[in-house]
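Undergrad: Please put together the full structure from these sequences, using the hints given.
4 protein chains.
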Amino acid sequence: MSKIDKVVLAYSGGLDTSVIVRWLQETYGCEVVTFTADIGQGEEVEPARAKAQALGVKDIYIDDLREEYVRDFVFPMFRANTIYEGEYLLGTSIARPLIAKRLIEIANETGADAISHGATGKGNDQVRFELGAYALKPGIKVIAPWREWDLTSREKLMQYCEQHKIPVDFSSGKKKSPYSMDANLLHISYEGGILEDPWAEAEEDMWRWSVSPEAAPDEPVYITLTFENGDPVAIDGERLSPATLLEKLNKLGGANGIGRLDIVENRYVGMKSRGCYETPGGTILLKAHRAIESITLDREVAHMKDELMPRYANLIYNGYWWSPERRMLQAAIDESQQVVNGEVRLKLYKGSVSAVGRRSTESLFDERIATFEEDAGAYDQKDAEGFIKLNALRLRIAAGKGRKLI
Amino acid sequence: MSKIDKVVLAYSGGLDTSVIVRWLQETYGCEVVTFTADIGQGEEVEPARAKAQALGVKDIYIDDLREEYVRDFVFPMFRANTIYEGEYLLGTSIARPLIAKRLIEIANETGADAISHGATGKGNDQVRFELGAYALKPGIKVIAPWREWDLTSREKLMQYCEQHKIPVDFSSGKKKSPYSMDANLLHISYEGGILEDPWAEAEEDMWRWSVSPEAAPDEPVYITLTFENGDPVAIDGERLSPATLLEKLNKLGGANGIGRLDIVENRYVGMKSRGCYETPGGTILLKAHRAIESITLDREVAHMKDELMPRYANLIYNGYWWSPERRMLQAAIDESQQVVNGEVRLKLYKGSVSAVGRRSTESLFDERIATFEEDAGAYDQKDAEGFIKLNALRLRIAAGKGRKLI
Amino acid sequence: MSKIDKVVLAYSGGLDTSVIVRWLQETYGCEVVTFTADIGQGEEVEPARAKAQALGVKDIYIDDLREEYVRDFVFPMFRANTIYEGEYLLGTSIARPLIAKRLIEIANETGADAISHGATGKGNDQVRFELGAYALKPGIKVIAPWREWDLTSREKLMQYCEQHKIPVDFSSGKKKSPYSMDANLLHISYEGGILEDPWAEAEEDMWRWSVSPEAAPDEPVYITLTFENGDPVAIDGERLSPATLLEKLNKLGGANGIGRLDIVENRYVGMKSRGCYETPGGTILLKAHRAIESITLDREVAHMKDELMPRYANLIYNGYWWSPERRMLQAAIDESQQVVNGEVRLKLYKGSVSAVGRRSTESLFDERIATFEEDAGAYDQKDAEGFIKLNALRLRIAAGKGRKLI
Amino acid sequence: MSKIDKVVLAYSGGLDTSVIVRWLQETYGCEVVTFTADIGQGEEVEPARAKAQALGVKDIYIDDLREEYVRDFVFPMFRANTIYEGEYLLGTSIARPLIAKRLIEIANETGADAISHGATGKGNDQVRFELGAYALKPGIKVIAPWREWDLTSREKLMQYCEQHKIPVDFSSGKKKSPYSMDANLLHISYEGGILEDPWAEAEEDMWRWSVSPEAAPDEPVYITLTFENGDPVAIDGERLSPATLLEKLNKLGGANGIGRLDIVENRYVGMKSRGCYETPGGTILLKAHRAIESITLDREVAHMKDELMPRYANLIYNGYWWSPERRMLQAAIDESQQVVNGEVRLKLYKGSVSAVGRRSTESLFDERIATFEEDAGAYDQKDAEGFIKLNALRLRIAAGKGRKLI
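Those protein sequences? They're chains F, P, G and Y, same order as listed. Going by UniProt numbering, the first residue of the first sequence is number 1, and it counts up by one from there. Going by UniProt numbering, the first residue of the second sequence is number 1, and it counts up by one from there. Going by UniProt numbering, the first residue of the third sequence is number 1, and it counts up by one from there. Going by UniProt numbering, the first residue of the fourth sequence is number 1, and it counts up by one from there.
Check before you lean on any hint, since a few could be wrong.
Copies of one chain are not kept apart here, so a pair can be met inside one copy or by any two copies together.
Distance condition first, Cα-Cα at most 25 Å in a straight line; then the derived SDA-like pairs of lysine to any residue [claimed, not checked]:
{"hint": "1", "residue 1": "LYS251", "residue 2": "LYS347"}
{"hint": "2", "residue 1": "LYS347", "residue 2": "VAL221"}
{"hint": "3", "residue 1": "LYS401", "residue 2": "GLU265"}
{"hint": "4", "residue 1": "LYS141", "residue 2": "LEU15"}
{"hint": "5", "residue 1": "LYS404", "residue 2": "GLU335"}
{"hint": "6", "residue 1": "LYS141", "residue 2": "ARG326"}
{"hint": "7", "residue 1": "LYS141", "residue 2": "ASP125"}
Note that these hints are calculated values from the structure, not bench results. Keep in mind it's a predicted model, so treat the numbers as computed, not measured.
TA: Printed below as a string of C-alpha cells:
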C-alpha cells in the first residue's frame with residue numbers, strides 16, 4: 001500500500017461516500033478533501049458541507065458545475081448525434097470526465113497526491129474517473145475503496161458505521177429505493193433490483209422524471225428550438241443558458257412522457273447489464289439536432305458523421321473523453337457544425353417527439369430543384385442517365401465477364 | 001435512339017404507366033410486356049391485366065412477390081438494424097432490387113432487349129431500378145420515359161391520354177391525393193404537395209396506415225416476438241410466414257400510432273427532399289431486433305455492426321443491393337446472426353414501442369456477474385485496477401511528457 | 001449548345017490544347033483566355049505565351065504555382081499518409097484541385113462564363129477539374145472538348161491542324177512517346193501503349209525520373225528529414241521551402257532508384273486502368289512521415305488516422321478536394337499533427353528507402369518502460385493480469401455459455 | 001494462489017522455459033506437460049524432448065504445425081492485405097492463436113487445469129496467448145511466471161539454474177545474441193539491445209534471414225505466383241503446399257534482400273516499442289496479392305477491404321483471433337476472395353519487389369474500355385457529363401447558397 005498524504009474524494013454526502021471518508025482516514029492515515037458537485041442531480045449539495053465537517057474534513061469543495069457541464073460536455077456530445085449501441089444517450093458517461101477534471105484541479109490546488117471515488121469495481125464509472133485522472137495528472141494515485149475493502153455487503157457497511165459513529169439517516173423515513181440510481185442534468189438511471197432479470201418489466205413507480213405516456217396530457221405540445229453552430233440556444237424564441245435550456249427541455253419532455261429507455265448494454269469491463277434511463281430533454285434535443293442538420297449539412301458530411309459516431313460514442317462510454325483521439329474526432333465534428341443554424345419545430349405527445357418543421361437561412365434544401373412540379377430547368381433530368389451509366393459501369397463490366405450476384 | 005424490339009415495363013396499372021405503355025409502343029415501335037407485382041402495396045394487382053390488355057399488351061406478368069420480398073429483402077436488411085441518415089427505414093429502397101431482378105428475369109424469359117419504368121429523373125428509384133438491371137444483365141437497354149419525353153406536366157399527360165384514347169379513371173370519384181405516394185409491405189411514403197416546404201407540418205389526414213397517437217387506444221398492447229437467426233418468426237408464440245408476420249406487425253403498429261416519420265433526406269442524385277413515412281411494423285421490428293441482439297450478441301460484434309451499418313444503409317438507399325460490396329457486408333452481418341435467437345416482449349402505446357423484456361437460451365447476460373449483490377467470486381474487482389492502469393498507460397506516458405488535453 | 005462569351009482554358013502549350021483553343025474559338029465563337037501553370041512538370045511554361053499569342057489569345061495567364069502546390073496540397077495530403085488502393089501516392093489527383101481553383105479565380109478576374117480543359121471523357125481528371133469548378137463557382141459552364149468533338153483520332157486531329165494552320169512541332173525531332181504522360185512536382189505518370197496489357201512489363205526506357213535500382217549507386221545515401229507540425233521543413237538540417245524540399249527529395253530518390261510503381265487502379269468513372277508512376281520524393285516522404293509519427297502520435301490517434309485514410313484518399317482521387325467532407329477530415333488530420341515534430345534518419349539504397357532512426361522532443365517512446373532490463377517499477381507487470389482478464393471477460397462468458405469459435 | 005494439478009507449458013527447450021518447468025513444479029507442486037511446436041522457427045524441436053525428460057516431464061508433446069500454421073492462419077490473414085500501423089506484417093501476432101489453440105487442446109486431452117507460457121508482462125504475447133486460451137476454455141487457469149516470480153534479472157535466473165541443477169548450455173559456444181528474437185515461418189523479429197534507442201540504426205549483423213540489398217545479386221529474379229481463392233498455390237507453375245510455398249518465398253526474398261523492416265510500434269499494453277523484422281516471403285506475398293486483387297476485385301469491394309483492414313490488423317495484433325468479431329470480418333473478407341484467381345509476375349531485386357504483370361481469367365480489366373485508342377463505342381464519353389453534373393449537384397447547391405470552401 002503506497003503512502004498517501006492527502007486525497008480528494010468525490011463526495012456525494014450520502015452514506016457510502018461518508019463511510020469512504022472515514023475509511024480513507026483510517027486506512028491510509030491521510031487527510032481527506034471532499035468535493036461535491038451540483039451537476040443537476042436534483043439534490044441539494046450544500047448539506048454535504050455539514051456532513052463532511054462532522055467527519056473532520058477541513059478542505060471542503062462544493063461547486064455548481066451545471067452550466068459548464070451542459071456547455072462543455074453535453075452539447076459537444078450532441079453535436080455528433082451520439083448514441084451508444086443504438087439506444088443509450090450516455091447520460092452517465094458524459095458527466096464523469098467533468099468530475100475527473102475537477103478532482104484533478106482540486107488535487108493540484110490542495111497538493112493532494114491521490115483521488116478517490118465511490119464507484120464499484122464492476123462498473124464503467126471507475127474506468128471513466130480513473131482514465132480521466134491519469135490522463136490529466138499521470139502521477140496521481142487512485143484509491144477505489146470498493147475494489148479494496150471488505151465492506152462488501154450492506155450489513156458490513158452498517159456495522160462499520162456503527163463502529164465508527166457515522167450517522168445513518170434513519171429518521172428521514174425515506175424508503176431505500178430498490179434500484180441503484182444516478183442522476184444529472186442529462187438523465188436519471190436505474191440499475192439493480194428486479195432489473196437484474198432482463199425479462200422483467202420495470203415497474204411504473206420506478207420512473208421519477210417522466211410521467212408515463214398514459215398519464216401525459218391529451219393535447220400535444222409544440223415547441224420551437226433554435227440552434228447556433230450546432231448547439232441549442234433558445235426555446236420558443238427565448239434565449240436560455242445551456243443548463244437552463246436543458247432543464248426546461250427535461251420538464252417539457254418529462255411532462256409528456258418522453259425519453260424513457262430500457263436496455264441491456266455492454267459495459268467496458270466486459271459484462272452485459274440492464275439499465276433503465278430517463279433522458280427527456282436529451283431525447284428531444286437529439287431529434288431536433290438531427291432535424292436542423294437535415295437541412296443544413298452536406299450529405300457526405302452527414303454520412304461521415306454517422307459513420308464516425310459509433311466510435312465517438314464508444315470513446316465517451318469507455319471513459320476516453322480526455323484523450324487525443326476524442327479531441328481529433330471532436331475537431332472533425334465541430335468543423336461540421338458551423339453551418340448548423342436555424343429552427344426546428346417539434347411536437348411532443350404522449351411519449352413521442354417528432355420534428356414537424358425545420359428552417360434555416362443556411363438551408364441547403366432547394367425547393368426549385370426538389371419540386372415535383374416544373375422546375376424551369378433547375379435540374380436536367382438527362383444528366384441522370386450518364387450518372388447511372390457510369391455508376392453502373394463496374395457492375396456491367398463484371399456481369400459481362402460472367403460474375404454472378406444471385 | 002437505339003433499336004428496341006421488346007421492352008418489359010414495370011406496370012402499376014395506373015395512369016402514368018398506362019401512358020408509358022402507349023408511348024413506348026409509339027415511340028420505339030416495340031412490343032411491350034407488362035409486369036405488375038404485389039409487394040403489399042395494398043391495391044389489387046389483378047385489374048392491371050384488363051388495362052394492359054386494353055392497351056394491346058400480349059405478354060402480361062402479374063406476380064405475388066410478398067413472401068419473397070419480406071424473406072429475401074426486408075428481413076436481411078433488418079438483420080443490420082439498418083437506418084438511413086439516423087431515421088429512415090428504407091421502405092422504398094428495399095423494394096426496388098426485387099422489382100429490378102424480376103424485370104430482368106422476365107426480359108430473359110421473353111427475349112426482351114430493354115426494360116422500362118415510370119420513375120422520374122430526379123429521384124432515387126430510377127437509379128435503383130437501373131443499377132440493378134445493369135448489374136444482372138449488362139447488355140440490357142433501359143428506357144426511362146420521364147427522362148426522355150416532353151409530357152412534363154399533368155396537362156400534357158392528360159392531353160396525350162385524350163389523343164391516344166387511354167381511359168382516365170374519372171368515374172372512380174377518388175380525389176387525387178396531393179401527395180406522391182408509394183407503398184409496399186414495409187411502408188407507405190408521401191412526398192410533394194405542401195411537404196415541399198420543410199417548415200410546413202404534414203396534415204393529419206395525409207397519414208393512411210396509422211392512427212394518430214392521440215387516436216390510439218388508451219391501453220397499451222403487449223406482444224412477444226420470437227427470433228431465429230436474427231429474423232422474426234412468431235408473434236405471441238404463433239409462427240407466421242414472413243409476409244404474414246410483417247402484415248400483422250403493421251396492423252398492430254398502425255392501430256397504436258407507431259411508425260410515423262417526417263424527415264428531410266439526401267437523395268443519391270444530389271438534392272435534399274422532404275419525405276413522410278409510415279413504417280409501423282418495421283419500427284416495431286427494429287426495436288425488437290436490437291433488443292434480442294442486446295442479450296445475444298457479443299459486444300464487439302454489435303459495435304462492428306453499428307459501425308458498418310451506415311454504409312450498408314447507403315448501399316441500399318443508393319441502389320447497390322445487387323453489388324459485390326453489399327454481398328460482402330451481408331456475409332459479415334449474416335455470420336453474426338446465427339446466435340440471435342430468443343424472445344422480446346414489447347409494449348405498444350400511443351406512438352411508442354418499448355422493449356420491456358428479452359430472453360434467450362443464447363443469452364450472454366450473466367446475472368451472477370452483473371449483480372450488485374455478492375457474486376461469490378464470479379468477478380474479481382481487483383482485475384479492474386490492472387485493466388484501467390494499462391488502458392491508461394499511453395495517456396499517462398503522454399501526460400508525463402507534457403502533452404496537454406485541455 | 002449554350003451561349004458562351006469567354007472561356008478560360010487550362011493550356012499546356014502542347015498540340016492538343018492548342019487545337020482546343022482554335023476549336024473553342026470556332027465552335028463557340030468565344031474569346032479564349034489561356035492559363036498555363038508551372039507545377040513542376042519539368043517543362044518551360046513561358047513558351048506557351050508565344051503559342052497562345054499566335055492563336056490570337058489576348059488574355060494569357062502564366063503562373064508559377066510550385067510553392068502553393070506543395071505547401072497547400074501535397075503536404076496536407078501527406079499528413080494523412082495518403083495512399084490510394086494500397087499503392088498509389090495520388091500524384092496526379094492532388095494537382096487537379098489547384099488547377100481548378102486557379103481556373104475559377106481567372107474566370108472571376110476576366111469575367112469568363114466558362115472553363116475548358118483537355119482531359120478525356122474516360123478519365124478521372126475531367127471529374128476532378130469539373131467538381132472543383134462547380135464547387136467553387138456553381139454557375140460556371142464547363143466545356144470538355146474531348147467529350148464533344150469528333151476529333152477522336154490522331155489523324156483527325158492532324159487534319160484539323162492542317163486545315164486551321166496550327167503549327168505542329170515536327171522540327172523538334174522529339175519522337176512522340178508511346179505513353180500518355182503527366183508530370184508535376186510530386187510525380188510523373190505513364191499510361192497507354194503497351195501498358196494497356198496488364199501482363200506486359202513496362203520497358204526500362206519508359207521511366208524518366210529515376211534510374212533503375214540496378215543502375216543506382218552501390219553505396220547507400222543517408223539523409224535526415226526534419227518535421228514540424230507534420231510537414232517536412234529541412235533536409236540534413238538545411239531549411240528549404242516546400243517546393244525546393246520536394247524537388248531535392250525527387251533528385252535524391254530518383255538517383256537511388258526509389259519510387260517506381262506499376263499498378264492497375266480503379267477509376268472513379270468505373271473502369272480499371274494500368275498506370276506506372278515515379279514518385280521518388282513522395283515515397284521517401286511517406287516513409288519518413290510514418291516514422292516521425294511512430295514516436296510522436298498516440299496509438300489511438302494513429303489508428304484512427306489509418307482507418308480514415310482510405311476514405312480521405314478516395315476523396316482526393318475522385319476529385320472532392322473542394323468539398324466540405326474533405327475539410328471535415330482535414331480538420332481531424334491537422335488536429336493530430338501539432339505534435340508531429342522531430343527528425344527521421346533515412347537510408348536510400350537501390351530502390352529502397354528505410355527509416356533507420358527517429359527522434360523528437362515530443363517523443364512518446366519511453367525507454368524506461370519499454371526496456372527488457374529492470375525498469376525500477378516504471379511498469380507493474382501484475383497490471384497485465386487484470387487487463388487481460390477483463391478484456392477476456394466477454395469471451396469467457398460466451399465460451400462458458402457454449403459459444404464455439406472453432 | 002489457486003490449487004493447480006497439471007499445467008501445459010509452451011516449451012521451447014531453451015533456458016527460460018526450462019527454468020519455468022522447474023519453477024512450476026516447485027511453486028505449484030503440479031505436474032508439467034510440455035508442448036513444443038515447429039512453426040518454422042528454424043530450430044530443431046526434437047531436442048526439446050530430452051530436455052523435458054531431464055526435468056522430469058512425463059507428458060511431452062512435440063508437433064509439426066507448419067502446414068496448419070500457414071494454411072489456417074497466415075494465408076487467411078494475407079487475404080485482407082493485413083498490415084499493422086502501415087508497416088508491420090504481424091509475423092509474431094499471427095503465430096500466437098495457433099499456440100493458444102494447441103495448448104487448450106492438450107489441456108483437454110491431458111486433463112490439465114492450467115496453461116503457462118514464457119512471455120513477459122510487458123509484451124503483447126501474454127495477451128495473445130491468454131485471450132485465446134480464455135476464449136477457447138473459459139475455466140482454464142493461466143500461469144504467467146514472468147508476472148509472478150522474482151527472477152527478474154539474468155543473474156537471478158542463472159542462480160536459480162545453479163540451485164536447481166538446470167543445465168545451462170555453455171558448451172554450445174554460441175554467443176548470446178544481444179537481441180530478443182522470435183521466429184516462425186512468416187518472419188523473424190528483433191527487439192531490445194541497442195534497438196531500445198529508436199535513433200540508433202540496427203547493425204548489419206543483426207539481420208539473419210536476408211542479405212543486405214547491397215549484398216544481393218546484381219541481376220533481378222523474376223517469379224510468377226499463382227493464386228486460387230485469394231491464396232497462393234504455385235510458384236512458377238509448380239504447385240506447393242502452403243508451408244513449402246512460404247518457405248520458398250522466404251528463400252527467394254531473403255536472397256534478394258527483401259522484407260527488412262525497422263519500426264516503432266504501439267503495443268496493446270500501452271507502450272511504444274522498437275522492433276526490427278525480416279519477412280521476406282510475406283513481403284512478396286503482400287505485393288502479389290494486391291496485384292492479383294487489382295484485376296479481379298470490384299472497386300468497391302477493394303475499397304471496403306482497405307477500410308476494414310486496419311481494424312482486422314488490430315484484432316490480430318491485440319490477440320483477438322479467437323473472437324466472434326474476427327470471424328465476422330473474416331466472413332466478409334473470404335466472401336470477397338472467391339474471384340481472386342490468376343497469376344502475378346514479380347521482379348525481385350536488391351530489396352525491392354515489384355509486380356510487373358498480372359493476368360486472370362477472372363480479370364475485370366477491360367482493354368476495350370480502358371484504351372486510349374478508338375473504343376468502338378464501348379464507352380460513351382458523354383455519360384461522363386451527367387455523372388459529373390449530378391455528383392456535383394450538392395456542391396453546386398451549397399455554393400449557390402453562399403457556402404465557402406476556401
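Undergrad: None of the hints should be skipped; say for each whether it holds.
TA: Results of checking the hints against the structure:
When the C-alpha separation of LYS251 and LYS347 is checked against a cutoff of 25 Å, the pair qualifies both within a copy, at 15 Å, and between copies, at 24 Å. Taking the shortest Cα distances, LYS347 and VAL221 sit within 25 Å of each other both inside one copy (6 Å) and across copies (23 Å). Proximity of LYS401 to GLU265 under the C-alpha cut-off of 25 Å is restricted to the inter-copy arrangement: shortest distance 18 Å between copies versus 47 Å within a copy. With identical chains, the CA atoms of LYS141 and LEU15 are at most 25 Å apart within one copy only, with a shortest distance of 24 Å there and 38 Å across copies.
For the identical chains of this complex, LYS404 and GLU335 are inter-copy neighbours only, at 13 Å across copies versus 43 Å inside a copy, given an alpha-carbon limit of 25 Å. Taking the closest pair of Cα atoms, LYS141 and ARG326 come within 25 Å of each other only inside a single copy of the chain (24 Å); across copies the shortest separation is 36 Å, beyond that limit. With identical chains, the CA atoms of LYS141 and ASP125 are at most 25 Å apart within one copy only, with a shortest distance of 17 Å there and 28 Å across copies.
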